[in-house]
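*Asks:* One letter stands for each residue in the lines below.
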Amino acid sequence: MEFAFTEEHLMIRDSAERFLAAASDSHAVRAAMIRADGYDPDVWRRIGLELCWPALMIPERFGGMGLGFVELAILLEQSGRFLLGSPLFATTCLATPALLAGHNTALQEHWLSAIAAGETTATLAFASGKGWDARSVQAIARPAAGGCYLSGVYTQVIDGAQADLLIVAARNPGSEGESGISLFALAADTPGILCTPLPTLDQTRRLARIELHDVFVNEAQMLCAPDQGWPVLRETLSIAAAGLAAEQVGGAQQVFDLTLAYIAERRQFNRTIASFQAIKHRCADMMLQVECARSAIYYAACVVQEHLDPEGDIAVASELAMAAATAKIHASEAFFHCAAESIQLHGGVGFTWEYDPHLYFKRARASEQLLGSPALHRERMATHLFGEDA
Amino acid sequence: MKIGFSKADEAFRQEVAQWMAEHLSGEFASLRYRGGPGDEHSFPEERKAWERELAAGGWIGLGWATEHGGRGLSICQQVIFHEEYARAGGPGRMGHIGEGLVGPTLAAFGTPAQQQRLLPGILTGSEFWCQGYSEPGAGSDLANVQTRARLDDTGEHWLISGQKVWTSLAHEADWCFVLARTEPGSQGHHGLSFLLVPMAQAQIRVQPIQQLTGTSEFNEVFFDQAVTRADNLIGQPGDGWKIAMGLLGFERGVSTLGQQMQFQNELDEIIRIARANGASRDPLLRQRIAQAWSGLKVLRYNSLRMLSGPQDGSLKREAMIYKLAWSTWHSDLGKLAMDVLGDEAEILDGAPYQLSRLQSLFLFTRSDTIYGGSNEIQRNIIAERALGMPREARAV
Numbered sequence: 001m002e003f004a005f006t007e008e009h010l011m012i013r014d015s016a017e018r019f020l021a022a023a024s025d026s027h028a029v030r031a032a033m034i035r036a037d038g039y040d041p042d043v044w045r046r047i048g049l050e051l052c053w054p055a056l057m058i059p060e061r062f063g064g065m066g067l068g069f070v071e072l073a074i075l076l077e078q079s080g081r082f083l084l085g086s087p088l089f090a091t092t093c094l095a096t097p098a099l100l101a102g103h104n105t106a107l108q109e110h111w112l113s114a115i116a117a118g119e120t121t122a123t124l125a126f127a128s129g130k131g132w133d134a135r136s137v138q139a140i141a142r143p144a145a146g147g148c149y150l151s152g153v154y155t156q157v158i159d160g161a162q163a164d165l166l167i168v169a170a171r172n173p174g175s176e177g178e179s180g181i182s183l184f185a186l187a188a189d190t191p192g193i194l195c196t197p198l199p200t201l202d203q204t205r206r207l208a209r210i211e212l213h214d215v216f217v218n219e220a221q222m223l224c225a226p227d228q229g230w231p232v233l234r235e236t237l238s239i240a241a242a243g244l245a246a247e248q249v250g251g252a253q254q255v256f257d258l259t260l261a262y263i264a265e266r267r268q269f270n271r272t273i274a275s276f277q278a279i280k281h282r283c284a285d286m287m288l289q290v291e292c293a294r295s296a297i298y299y300a301a302c303v304v305q306e307h308l309d310p311e312g313d314i315a316v317a318s319e320l321a322m323a324a325a326t327a328k329i330h331a332s333e334a335f336f337h338c339a340a341e342s343i344q345l346h347g348g349v350g351f352t353w354e355y356d357p358h359l360y361f362k363r364a365r366a367s368e369q370l371l372g373s374p375a376l377h378r379e380r381m382a383t384h385l386f387g388e389d390a
Numbered sequence: 001m002k003i004g005f006s007k008a009d010e011a012f013r014q015e016v017a018q019w020m021a022e023h024l025s026g027e028f029a030s031l032r033y034r035g036g037p038g039d040e041h042s043f044p045e046e047r048k049a050w051e052r053e054l055a056a057g058g059w060i061g062l063g064w065a066t067e068h069g070g071r072g073l074s075i076c077q078q079v080i081f082h083e084e085y086a087r088a089g090g091p092g093r094m095g096h097i098g099e100g101l102v103g104p105t106l107a108a109f110g111t112p113a114q115q116q117r118l119l120p121g122i123l124t125g126s127e128f129w130c131q132g133y134s135e136p137g138a139g140s141d142l143a144n145v146q147t148r149a150r151l152d153d154t155g156e157h158w159l160i161s162g163q164k165v166w167t168s169l170a171h172e173a174d175w176c177f178v179l180a181r182t183e184p185g186s187q188g189h190h191g192l193s194f195l196l197v198p199m200a201q202a203q204i205r206v207q208p209i210q211q212l213t214g215t216s217e218f219n220e221v222f223f224d225q226a227v228t229r230a231d232n233l234i235g236q237p238g239d240g241w242k243i244a245m246g247l248l249g250f251e252r253g254v255s256t257l258g259q260q261m262q263f264q265n266e267l268d269e270i271i272r273i274a275r276a277n278g279a280s281r282d283p284l285l286r287q288r289i290a291q292a293w294s295g296l297k298v299l300r301y302n303s304l305r306m307l308s309g310p311q312d313g314s315l316k317r318e319a320m321i322y323k324l325a326w327s328t329w330h331s332d333l334g335k336l337a338m339d340v341l342g343d344e345a346e347i348l349d350g351a352p353y354q355l356s357r358l359q360s361l362f363l364f365t366r367s368d369t370i371y372g373g374s375n376e377i378q379r380n381i382i383a384e385r386a387l388g389m390p391r392e393a394r395a396v
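First to last, the protein sequences are chains A and B.
Taken in order, the first sequence gives residues 1 to 390; the numbers are from the working numbering.
Taken in order, the second sequence gives residues 1 to 396; the numbers are from the working numbering.
Incorrect hints may have been included.
What the hints assert, rightly or not - With the Cβ distance kept under 7 Å, some of the chain A side facing chain B (calculated, not the full set): (1) PHE5; (2) PHE216; (3) TYR262; (4) ARG378; (5) PHE386.
To be clear, the hints were calculated from the coordinates, so they are not data collected in a lab.
Ideal Cβ placement from N, Cα and C applies to all residues, glycine included.
Between the sequences and the hints, there should be enough to build the whole structure, so can you do that?
*Replies:* In structure tokens:
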């Protein structure tokens with residue numbers, strides 16, 4: 001048991017921090033926010049080609065670096081901290097885990113190699129309406145000779161308008177719940193796909209509505225056996241929740257740090273406002289929440305790593321769903337709490353567009369909802385604790 | 001970064017579990033799950049016998065250095081011991097103050113003669129200790145200790161006068177370690193000394209405090225020219241504050257995972273009741289139960305972080321949040337237990353004031369956020385030491 005960073009981990013963290021402090025400072029974030037695609041293509045090119053972040057977790061046989069999810073979580077914590085607008089999360093935490101979990105070697109060879117090369121961005125589209133569970137998969141896969149036709153609407157796809165590759169979930173006509181779901185890999189330029197970017201409250205992450213109009217897919221495009229998509233999708237969503245939680249903790253830490261810096265400077269009544277106990281205690285509570293959430297994301301990252309490793313510890317790997325949910329709950333609450341406190345403790349300037357707290361506040365709210373709210377994860381947890389899922 | 005225990009550690013876990021199953025039986029079976037917080041007044045004699053049983057099995061001083069008679073086990077194995085101890089329902093320890101606080105203090109600050117004289121009593125489970133820190137005027141402001149000690153005319157004995165309060169198990173203890181003012185007229189943390197005082201003397205009077213639970217674990221302890229040998233001073237006169245603060249660092253959380261196992265037992269009971277009485281169908285209670293469950297997981301992850309990394313005795317940032325985290329979590333659990341029980345929570349096990357385990361949990365957890373540094377003091381510590389914020393006013 002060594003639940004602490006190695007020297008190598010610290011190097012990864014520090015180099016990511018150095019890069020992002022320059023490439024994704026407040027000015028850069030605000031510039032990316034007003035772009036249609038939501039990110040600076042030059043920065044993304046450097047991330048893909050020089051830093052090779054998308055390749056990090058992809059096995060070496062597909063041209064990746066063969067590192068683990070712990071290393072990826074370290075990067076995500078930094079990208080969340082600096083509000084990096086980029087297809088990094090969708091590509092590494094949604095599409096890559098789905099391809100890895102799907103076990104279609106030919107698809108992996110093709111797409112994971114392309115992602116590892118830093119040339120391809122990708123995302124996952126599965127939900128047609130409310131919720132983040134199997135019932136939300138409403139797109140239909142109508143069987144046809146040599147494949148099937150996909151039709152349906154995905155309402156909020158993360159970086160959906162920027163992705164080169166779409167992993168989509170669809171179900172057999174007449175199926176419901178966890179049965180009848182299949183997963184497909186679709187090039188974004190396939191005829192019949194209509195993609196509409198959505199204006200979002202949080203301008204640091206892009207969402208899109210994607211419509212499929214009788215898009216033909218053949219059997220070679222299936223990530224796993226027909227109708228066996230739900231376990232792969234469920235595993236992918238847990239891994240993505242763990243990754244998103246890592247981003248959230250980075251955001252929580254940064255907005256907390258901004259606040260500490262501000263209150264150490266701001267003077268009222270001839271003293272810094274940081275010297276008031278009322279404020280110190282609120283900061284102590286923020287640190288408590290951030291450190292608890294950080295413990296939860298590191299633990300979840302270790303669990304994901306064991307899960308993805310064919311020789312990983314089975315007992316640890318089996319904790320995936322609950323560890324990811326725990327991380328998502330605590331990271332969501334810590335981030336929103338810190339961001340809201342940041343506005344309050346900044347006072348009037350915290351309410352301005354010019355100061356950064358609102359960027360974190362909006363990101364915190366959006367991330368809290370994404371991949372399931374804390375309430376939804378707690379409800380799932382309760383279902384498990386009361387043995388109702390047996 | 002990696003989680004999971006090694007094969008050797010798992011074998012050690014088996015060994016502990018087997019020993020507990022074999023020994024926490026027969027005459028000791030009635031001690032299972034007893035004597036913990038809120039129940040510390042129960043079965044004192046039986047629990048002292050149990051300490052001797054533990055000692056005979058070699059389970060005291062696991063983390064102590066071998067030169068001091070300990071086993072020098074890794075942090076990981078100490079954690080495993082505490083987990084298995086709690087999982088088996090091992091009773092609340094009578095010897096924890098001696099083993100966890102006095103032993104490490106003697107190892108760090110005591111002379112070889114003091115170590116040889118006092119450590120064996122702890123290791124054999126034959127001598128029990130209590131902690132003489134708090135006073136009526138020195139609670140959160142511990143440095144305001146007013147208990148006085150002076151050397152008698154022969155220079156062979158210290159004479160101690162004053163009052164300590166909130167002293168757990170003072171009525172069962174053989175020894176008390178006392179923070180006393182040895183420099184007349186000194187103020188704050190200057191002029192304090194760390195003295196070891198035998199309890200069996202007429203000049204010490206122990207007065208139980210009846211708590212809001214109706215039971216008494218805590219005591220007032222009155223010293224009226226109480227006597228202890230000159231060589232029962234640890235360190236030098238005036239070193240008391242330094243030693244008292246050093247002692248805080250010894251409780252580095254190895255036993256916290258055992259404490260969490262006990263929390264898990266409590267939560268499991270609440271979940272069982274919720275399933276049985278239909279509270280599990282209440283959407284808000286479902287949310288709170290899940291929050292408690294994930295919160296306990298996070299306490300565990302915090303501990304694992306705290307226990308990994310450098311073992312130099314320094315308090316890491318993670319360690320500074322620990323008390324605030326668990327005390328808040330635990331007092332929320334106490335309230336949750338009542339809300340899950342609903343109407344039933346109001347009826348006692350018996351007259352005149354016999355509490356059920358969960359009623360006791362509900363009431364006793366009100367003390368968690370007060371003793372050992374209140375939540376307000378914990379927030380000051382976090383803000384000042386971990387975040388570097390400006391310090392509160394203190395006595396000079």
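*Asks:* Find the hints from earlier in the document that the structure breaks and name them by number, from lowest to highest.
*Replies:* 2 and 3
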